[in-house]
Structure formats: structure tokens, C-alpha cells
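Read top to bottom, the protein sequences are chains D and V.
Okay, so the first sequence: first residue is 0 according to numbering that gives the first Met the number 0, each after it adds one.
Okay, so the second sequence: first residue is 0 according to numbering that gives the first Met the number 0, each after it adds one.
Hints in this document: simulated from the structure, not taken from any laboratory.
Take the hints with a grain of salt, since some may be wrong.
Pairs involving identical chains hold if they fit within one copy or between any two copies, as the list cannot separate such chains.
Said to hold, decoys possible - Derived pair list, reagent style EDC-like, types lysine to aspartate or glutamate, alpha-carbon separation capped at 20 Å:
no. : residue 1 : residue 2
1   : LYS387    : GLU438
2   : LYS284    : ASP211
3   : LYS343    : GLU19
4   : LYS284    : ASP353
5   : LYS284    : GLU357
6   : LYS284    : GLU350
7   : LYS346    : ASP372
8   : LYS343    : ASP252
9   : LYS284    : ASP241
10  : LYS343    : ASP353
11  : LYS172    : GLU72
12  : LYS343    : GLU413
13  : LYS387    : ASP4
14  : LYS287    : GLU354
15  : LYS284    : ASP240
16  : LYS101    : ASP211
17  : LYS287    : GLU72
2 protein chains.
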Amino acid sequence: MSDADIQNYLETEADDFLEELFELLSIPSISTDEAYAGEVERCAEWLADHLREIGVETVEIHSTDGHPIVYAETLTGSEEAPTLLLYGHYDVQPPEPLDEWKSPPFEPEVRDGKIFARGATDDKGQFFAHLKSVEAWLATRGELPVNLKMVIEGEEEVGSEHLTEWVEDHSDKLAADALLISDSSMFAPGIPSITYGLRGLAYLEISVRGPDHDLHSGLFGGAVPNPINELARIISQLHDDDGRVTVPGFYDDVRPIEPEEREDFAELPFDEEAFFVETGAPALKGEKGFSTLERLWARPTLDCNGIWGGYTAPGAKTVLPSTAHAKLSCRLVPDQDADVIADKVEKWLRELADEAVEVDVSVHHGGPPVITDRDNPIVDAATRALSKVWDRDAVFTRGGGTIPIVATFSRVLEIPTVLMGFGLEDDRLHSPNEKFNVENFYAGIRVSHQLWQELAPS
Amino acid sequence: MSDADIQNYLETEADDFLEELFELLSIPSISTDEAYAGEVERCAEWLADHLREIGVETVEIHSTDGHPIVYAETLTGSEEAPTLLLYGHYDVQPPEPLDEWKSPPFEPEVRDGKIFARGATDDKGQFFAHLKSVEAWLATRGELPVNLKMVIEGEEEVGSEHLTEWVEDHSDKLAADALLISDSSMFAPGIPSITYGLRGLAYLEISVRGPDHDLHSGLFGGAVPNPINELARIISQLHDDDGRVTVPGFYDDVRPIEPEEREDFAELPFDEEAFFVETGAPALKGEKGFSTLERLWARPTLDCNGIWGGYTAPGAKTVLPSTAHAKLSCRLVPDQDADVIADKVEKWLRELADEAVEVDVSVHHGGPPVITDRDNPIVDAATRALSKVWDRDAVFTRGGGTIPIVATFSRVLEIPTVLMGFGLEDDRLHSPNEKFNVENFYAGIRVSHQLWQELAPS
Numbered sequence: 000m001s002d003a004d005i006q007n008y009l010e011t012e013a014d015d016f017l018e019e020l021f022e023l024l025s026i027p028s029i030s031t032d033e034a035y036a037g038e039v040e041r042c043a044e045w046l047a048d049h050l051r052e053i054g055v056e057t058v059e060i061h062s063t064d065g066h067p068i069v070y071a072e073t074l075t076g077s078e079e080a081p082t083l084l085l086y087g088h089y090d091v092q093p094p095e096p097l098d099e100w101k102s103p104p105f106e107p108e109v110r111d112g113k114i115f116a117r118g119a120t121d122d123k124g125q126f127f128a129h130l131k132s133v134e135a136w137l138a139t140r141g142e143l144p145v146n147l148k149m150v151i152e153g154e155e156e157v158g159s160e161h162l163t164e165w166v167e168d169h170s171d172k173l174a175a176d177a178l179l180i181s182d183s184s185m186f187a188p189g190i191p192s193i194t195y196g197l198r199g200l201a202y203l204e205i206s207v208r209g210p211d212h213d214l215h216s217g218l219f220g221g222a223v224p225n226p227i228n229e230l231a232r233i234i235s236q237l238h239d240d241d242g243r244v245t246v247p248g249f250y251d252d253v254r255p256i257e258p259e260e261r262e263d264f265a266e267l268p269f270d271e272e273a274f275f276v277e278t279g280a281p282a283l284k285g286e287k288g289f290s291t292l293e294r295l296w297a298r299p300t301l302d303c304n305g306i307w308g309g310y311t312a313p314g315a316k317t318v319l320p321s322t323a324h325a326k327l328s329c330r331l332v333p334d335q336d337a338d339v340i341a342d343k344v345e346k347w348l349r350e351l352a353d354e355a356v357e358v359d360v361s362v363h364h365g366g367p368p369v370i371t372d373r374d375n376p377i378v379d380a381a382t383r384a385l386s387k388v389w390d391r392d393a394v395f396t397r398g399g400g401t402i403p404i405v406a407t408f409s410r411v412l413e414i415p416t417v418l419m420g421f422g423l424e425d426d427r428l429h430s431p432n433e434k435f436n437v438e439n440f441y442a443g444i445r446v447s448h449q450l451w452q453e454l455a456p457s
Numbered sequence: 000m001s002d003a004d005i006q007n008y009l010e011t012e013a014d015d016f017l018e019e020l021f022e023l024l025s026i027p028s029i030s031t032d033e034a035y036a037g038e039v040e041r042c043a044e045w046l047a048d049h050l051r052e053i054g055v056e057t058v059e060i061h062s063t064d065g066h067p068i069v070y071a072e073t074l075t076g077s078e079e080a081p082t083l084l085l086y087g088h089y090d091v092q093p094p095e096p097l098d099e100w101k102s103p104p105f106e107p108e109v110r111d112g113k114i115f116a117r118g119a120t121d122d123k124g125q126f127f128a129h130l131k132s133v134e135a136w137l138a139t140r141g142e143l144p145v146n147l148k149m150v151i152e153g154e155e156e157v158g159s160e161h162l163t164e165w166v167e168d169h170s171d172k173l174a175a176d177a178l179l180i181s182d183s184s185m186f187a188p189g190i191p192s193i194t195y196g197l198r199g200l201a202y203l204e205i206s207v208r209g210p211d212h213d214l215h216s217g218l219f220g221g222a223v224p225n226p227i228n229e230l231a232r233i234i235s236q237l238h239d240d241d242g243r244v245t246v247p248g249f250y251d252d253v254r255p256i257e258p259e260e261r262e263d264f265a266e267l268p269f270d271e272e273a274f275f276v277e278t279g280a281p282a283l284k285g286e287k288g289f290s291t292l293e294r295l296w297a298r299p300t301l302d303c304n305g306i307w308g309g310y311t312a313p314g315a316k317t318v319l320p321s322t323a324h325a326k327l328s329c330r331l332v333p334d335q336d337a338d339v340i341a342d343k344v345e346k347w348l349r350e351l352a353d354e355a356v357e358v359d360v361s362v363h364h365g366g367p368p369v370i371t372d373r374d375n376p377i378v379d380a381a382t383r384a385l386s387k388v389w390d391r392d393a394v395f396t397r398g399g400g401t402i403p404i405v406a407t408f409s410r411v412l413e414i415p416t417v418l419m420g421f422g423l424e425d426d427r428l429h430s431p432n433e434k435f436n437v438e439n440f441y442a443g444i445r446v447s448h449q450l451w452q453e454l455a456p457s
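Just chain D, with the same shape it has in the complex (with noise of 0.2 Å):
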């Protein structure tokens, strides 16, 4: 059967489509920030009403202790159908620094044909190109070729806190044969991809206290404790002169990479240059007798993403402050555990302070690594989908990011994962001037689209 009437529909309200995602993303749904709360609630309010315009027949909001979770589906009759559970979260992550957008995170604006804005591919625009061809299959023939269930949450920047709870209580709800997320990158700018490994995350925070109040460094330096001096000490030690992590039994459970995925990697058409400049770093760097595809990919690691003490105003001040801290996290790969990996991470940091000072640690959300089976009917379909579209194979790759619901959805629903994402590896998501390409938004609903009729029962 041709789909002449639905690409004229995606042709036809193209302009229309823009439009709505721009509003969709001038909502500030920070889930970090408590203050942003009311607008994550609008956020999810926003969307359900949108689902319902669009034709969806069930929509629902779902409170949570946190953020609310918009649940939708659109059945079809046929008992053949397969029914995928299609995964987004509509939150966003904070804006700072703001001196360093070129235009408000907020205020969406096309310059050379990016979208730029807080959350434009991180993931408000990859999950709303699936509701485009949703709207475009509802519109010209009432129904979508398969059974499709939606869970767009808003806490996905701060862990999906309240989901796995959710997910749990409701699994019958979300029965379904695979789970279908798109937020991450493709490969390269015109290369497809399927992403079958993610990494995970143990987050720690770390605060060290010297004197209990901020001291002058004139009348007591030299013979007190500096916490700041003594977390650098501390941080120092947490790397050896390869790179290495030197937490105790970091790497027990750190699954080798196979020579012939070490040869997977090595023929992709990875362009190390172009990724080095991309950085901005006078050099790369990393743990030694990796590439950097392994290193990003397969090999964890540990990052400080803040730190903070003292005086930081301009000028000088003289003071010898009484605590310092950083936020510390560890991007971790199957089959290494978050809950494991924090506590080995706090215990290395305490044996590591100075007894001079006191050490307090305290975990954020963690989320732990998963690793997709490639061979599936579901996957096939999303590699024939995005081949038809990009016009050239999909290549197969792993991320380096987190989505820490993946593994749960994985763990009880049982289904695979199909991770297929629109967007550019210099989206600069979490960065000041995220940015998402017009072309892949709407190469996104095509291949939404696509899949669809691909997974449709002949």
C-alpha cells in the first residue's frame, strides 16, 4: 500500500511541526532545580494536551513523589501487530553557564539550520519526531500499523527517580515486544545508527572540612589543615600516571573488550580529528592501551563535574576556608554496578583523607551500564528503517552516556532495546548552545515513520 498520503502529510505540515516544538521547548522543565518544578508540571501538562490534539486516544498524567509521567497509547485491532513501548523524557537539563549561549535556552531560534535550545536533541526533539508521524498516521488513516505505548517522563536528568518505581507497579500497563528510544547521536552527520551499549553512572559528592569556620590565612596558615589543599589530594590520588582509576576492585567487574568488537570499533569511519577539535582541548586524553572509541565506549571512567571552596569573587581574599567539596562521577560499562561502584568510590575517598580533615560523602542517582542482543526482528526493522531513510547502511555503535531506565525496562519488562537516536555528536547537549539539526528532526519523523510500516503485519 503506497504511503503517498502520509508523505504529503509530513510534507504539508512541516512548517506546523517546527512551530509546535519550539513551544514545546520554551518551557524551562529544569528537573534539577526545585525552583523549576511548576514548569516541569506545565511541561508535562503541555504534552499531554498536545497527545490528545494529535488524536491519541489514551492519555494520561501520572503523579509522582517528583515529576510527573505522561503515559499515552494508540492500539490498533490487528492481533498480528507488534507493540512497541516508545521511551522519552521531556525534562531538561540546567542552563548554566548562561553568559555562553548566543541565544536564551529558552527562546528557540534556527540559525543555519539548527535549532538551538536547552533540550533541543536532549530529548525533546528526538521524542517529538516520533509524535510527528504519529499525528500523520492518526490524521490520514485513523490508526498506526502497530500497537504503540508512550511513557515520556521528566526526571530523566536526575535519574528517573520516581520511574523505576512506576515502571515496576505498572508492567502489565507496559507490556510490550521492544522498547524504542531515541536520545542519543547517530554515528557521524549522515551515517545511521543503531546504539546497542550505554554506559552507567555512580555519582558521589564529596565535602571536606578543615577548621569549622573560615579562618585568616595570616594568623593560622601553616599550621591548620586547608580542605582545599586537602581535597586536591585526594582528587589527585584517584588517577594513576596511565590513567587508571585507583579505586580498589573498580575494574572486578569490568567486562574485556572482545578482539573482534576491538575490530568493530577500529573500522568504523571514526574521524579522531575531527572529534579533537570538536573538544577544543590542547590534547586528548585518557587511560592508556585504549582508542578513544574504547576509551568513550567501554573502558569507565572517573570525572570531577564541580568543585568548590573559599573565596571565588574577583580580587584576593586572604582566607583559609573551612570546607571544600566536588561532585565526582564515574561512567561505568557492563558488568560493573553503580550501587557497588559508589561504595567502593566513598570507601577510597575516606581512606584517602587526610586525618586532619573530615570527609563527608554523600551518593546521588546512579544508573547501571546495559548491552542490547543485536539479533532481533525489532532491530532489523530499525535498521531497514533508517537505511531507507539515510540511504546507506546503519552501522551498529555503543554510547557513552547513561539512560539509566534502560536497564530497567529491560529488567522487568524483559524486551530489548532498540536505541536509535537523530541526534549529532556536537549537539553539545548539557553544554551552553545545544543545538539540533533541522534536517535530522525531520529525518527523525521519516524514519518514525518508516519504521512503522515496517513492523506492520504484511
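Following the hints, position chain V against chain D.
Chain V in isolation, oriented as in the chain D frame:
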């Protein structure tokens, strides 16, 4: 000649003295922050007005490229009368962190016999004590028995940047027999002290840059240099395991502590336990092989005064930051030179940096250490004045802090310095809840009055 008239005046006016000090303390003359430049100027004008009100004949405000200098003098007709140059500063440190103050820093209040306000002891309360004894003499006798010149500047907390040139330009006007400063602490409550040595200061700021913009720690972590980890590694290498500074040549010009001085230090009634309790630290920590007093007075240090980089707000953000920064300062002892040390530290910071990051170092104001000859008649007179008011022998101490201008006066005017502090070690100068004991304020006034008497030609 009896001084009953003056004593009577001091008693009668005591309450007014405190009220006037409160007025002075309520002006937020924060010299380190450009935003407060107007308040610094207002403070200079308030002081000049006040000096005129109490009867000082010559009162001048000297503009500089920075904050103004208040100059005043009151001369006696006697050719035999010695000339003293009183130095003080009306500028104050920033009050941050504000939330740790029990009462607002610029709304002075007395609690439990202590004046709480930013600048209470450093240095408004201390130099103001001298102005009150001047007032008493002028009100009762019409003149002082000594020639008194006063320089009260507004840039002490930013390194007295413009005072040096001003002193050089006005060396004839400032000619005197000795420099008198009350901007330090007594050795202990009730133990009057003359301070004959001060540490100097070298202050630097380091910025470490990895990527040229913030990156997502999942997509880039493991393959690029993390500026926080790199900065921590640099800082951690600034001390060896014995607490010695590793900067090459750092100790080259350090004057060894003479055995006799070591004995003097050891004989002082230093309460190490009280010092320890006052810091609130879990333990004391410093350079091996030296006592606490030696570490504070006669050994140089290197402390971090501030550090910042990446995400520092509540919650977790998985950013791999572009830059990390730290403020570092060294306390210096005779015969170290601030410029030479800043230069050596800068070179060492650059040498310690990994080639995968870019390092930028800037040098803030510094100041040389000083040491004064105890053997001269004005030091003797000050010792007698202190001993009479406190009814016990004054002791000789050194100080860990820095008053850069002391070295300038000493070099340009070639006069000895009498450092006669009325503060206490627990005054929390530069920290929240800075205070000055009411008792010490009034004792300071009486010591000042006594000193003019001791120096009066017989």
C-alpha cells in the same frame, strides 16, 4: 602633671565613643569589590569630617587612582617633642559568606561584651581608639604632647596598591621618628604585646583549561583532559609529605629561626589546646620539625584560598567542565621577596601542568615580610604604656599576617615600626562574625593616651 582631666573626659565620653565607632562600622567600605567604591569614598569623607570635629587642625583627603587616603596632623609647639606617624586603614574585607553572620556585617551590635561587625578589629576599631585619645587631649589640653601625623588608607585589603607611591611622593611631609600601627592582636587576652615581625604575602590565581567548552561527561568522559582533575593534581604536588612547599627555591631566602628566638617563642604562654579549639579543625597540621608558633610566625606557607569549576549548584550535573580555577597565596618570612616567590610559584605551576591542558597564571598584590629592631626608645615607651594599662609586662611576639605598607614606610622613611595590637586571636578577622571586645577598644584608648604621656618631653 596629673592627667585627671583627660581620664575624666575618657570616662564621660565613653558611650559616645562607642556610638561613633558604630557609625564608622556601618559603612560597607569593601575595597576588594568595585561595586562598593562609593561606600569606600563615603567612609573616607566620614573620617575626615570626624577628625575635623574632634579638633585636628590639618585634615586632607588625597585622591589616588584607587581609593582615597585620609591624612591628618596635629603638631605641638615643642621642638623636643617626638613625631609619631600613625597608620591605619578604613577599608574592610568582603563579608561573605553572608549566611554565617549572626547579625548583619554592617549593622554593628554588642553581644556578650563584643562588638560584632566587619572591620570591628580589622582595622576600624583599632585605629579609632587612637583618634579617641587624640580627641581627649585636644578637648582638655588643646594639643597633644607629641607631634602626631596620621595616615588612614582605604586599600589595605587590596595590597595598599596606591599608598606606596603616595608615601614615596610625600616622604618629607611624613617624616617621623617612628611608625605606630594598631592592626594586630595581643598575644592572649590580658597579655599586652609588641609585634616585631610580620609575614609577607604572594598571591596568585591559576586557571586550567581542558576542552574549550563544557562537555557531556558521558559522550566525552575518558577521552579528554578534565581541568578539575588536572588542577587538583597540580595543587596536590605543591607540598611534600612533610608539609614542605615543593616550589624550587622557595626556601632559599628564608632566615633560619635563631636558637634564642626559638627559646623566646617556647617561653610564651601559648595555649596550644586553646588555639586548636579555636580553629575547630579535627587536628592541627603543618610543616614537620616546627612548633605551631614557629609555623605561624617564622615559616612560609602555601595555601589555597579558593577553588571553583564545573557545576556547583545543588543536585547532579554530568558536565565535563571547560575550566577550573584556584586562588593560591604564600605567607612569606624574612628575607623572602614577594615578587621573586610569585615568579617561582608561577613557573612551578606551569611546570606541573599536563600538556593536555592550558594554564594561565596571574599575580595579585603581594607584600614583603618585615622584622623590626626591638631596641629603641619609642618601642620602650610603647612597652611601658601597654604594661601600665594592662598592669603586667608586655611581651614581644611576631605575627603571621601581612601589612605590606609597613615595609614601604620602613624603606622610604627609614624609621622603626611599633606594632601595638589591641585585637585578640579569636576576633575572626576576614571571617564571618568578626568582633572586637568592648574592653579592648577602651583599653586601646587608654594605651594610646598613656603612650603620648610616656613620649612627652619631660
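Outcome of the hint check:
In the homo-oligomer, the alpha carbons of LYS387 and GLU438 lie at most 20 Å apart inside one protomer (15 Å), although the nearest pairing across protomers, at 87 Å, exceeds that limit. When the C-alpha separation of LYS284 and ASP211 is checked against a cutoff of 20 Å, the pair qualifies only between copies, where the shortest distance is 14 Å, while the shortest distance within a copy is 38 Å. Taking the closest pair of Cα atoms, LYS343 and GLU19 never come within 20 Å of each other, the shortest separation being 46 Å inside a single copy and 59 Å across copies. In this assembly of identical chains, LYS284 and ASP353 lie within 20 Å of each other by CA distance solely across copies; the values are 10 Å between and 29 Å within a copy.
Taking identical chains as interchangeable, the C-alpha atoms of LYS284 and GLU357 lie at most 20 Å apart only when they sit on different chains, with a minimum of 13 Å there against 32 Å within one chain. Taking the shortest alpha-carbon separations for LYS284 and GLU350, only the inter-copy value of 18 Å comes in at or below 20 Å, while the best intra-copy value is 27 Å. Taking CA atoms no more than 20 Å apart as the test, LYS346 paired with ASP372 passes in neither setting, with 35 Å inside one copy and 53 Å between copies. In this assembly of identical chains, LYS343 and ASP252 lie within 20 Å of each other by CA distance solely inside one copy; the values are 12 Å within and 45 Å between copies.
Proximity of LYS284 and ASP241 under a CA criterion of 20 Å is satisfied intra-copy only: 10 Å inside one chain copy versus 31 Å between copies. In this assembly of identical chains, LYS343 and ASP353 lie within 20 Å of each other by CA distance solely inside one copy; the values are 18 Å within and 27 Å between copies. Proximity of LYS172 to GLU72 under the C-alpha cut-off of 20 Å is restricted to the intra-copy arrangement: shortest distance 10 Å within a copy versus 89 Å between copies. Neither within a single protomer nor between protomers do LYS343 and GLU413 lie at most 20 Å apart by alpha-carbon distance, with minima of 29 Å and 62 Å respectively.
Taking CA atoms no more than 20 Å apart as the test, LYS387 paired with ASP4 passes inside one copy only; the shortest distance there is 18 Å, against 104 Å between copies. Taking the shortest Cα distances, LYS287 and GLU354 sit within 20 Å of each other only across copies (16 Å), while inside one copy they are farther apart (33 Å). Only within a single protomer do LYS284 and ASP240 lie at most 20 Å apart by alpha-carbon distance; the minimum there is 11 Å, versus 28 Å between protomers. Taking identical chains as interchangeable, the C-alpha atoms of LYS101 and ASP211 lie at most 20 Å apart only when they sit on different chains, with a minimum of 15 Å there against 42 Å within one chain.
In this assembly of identical chains, LYS287 and GLU72 lie within 20 Å of each other by CA distance neither inside one copy nor across copies; the values are 48 Å within and 70 Å between.
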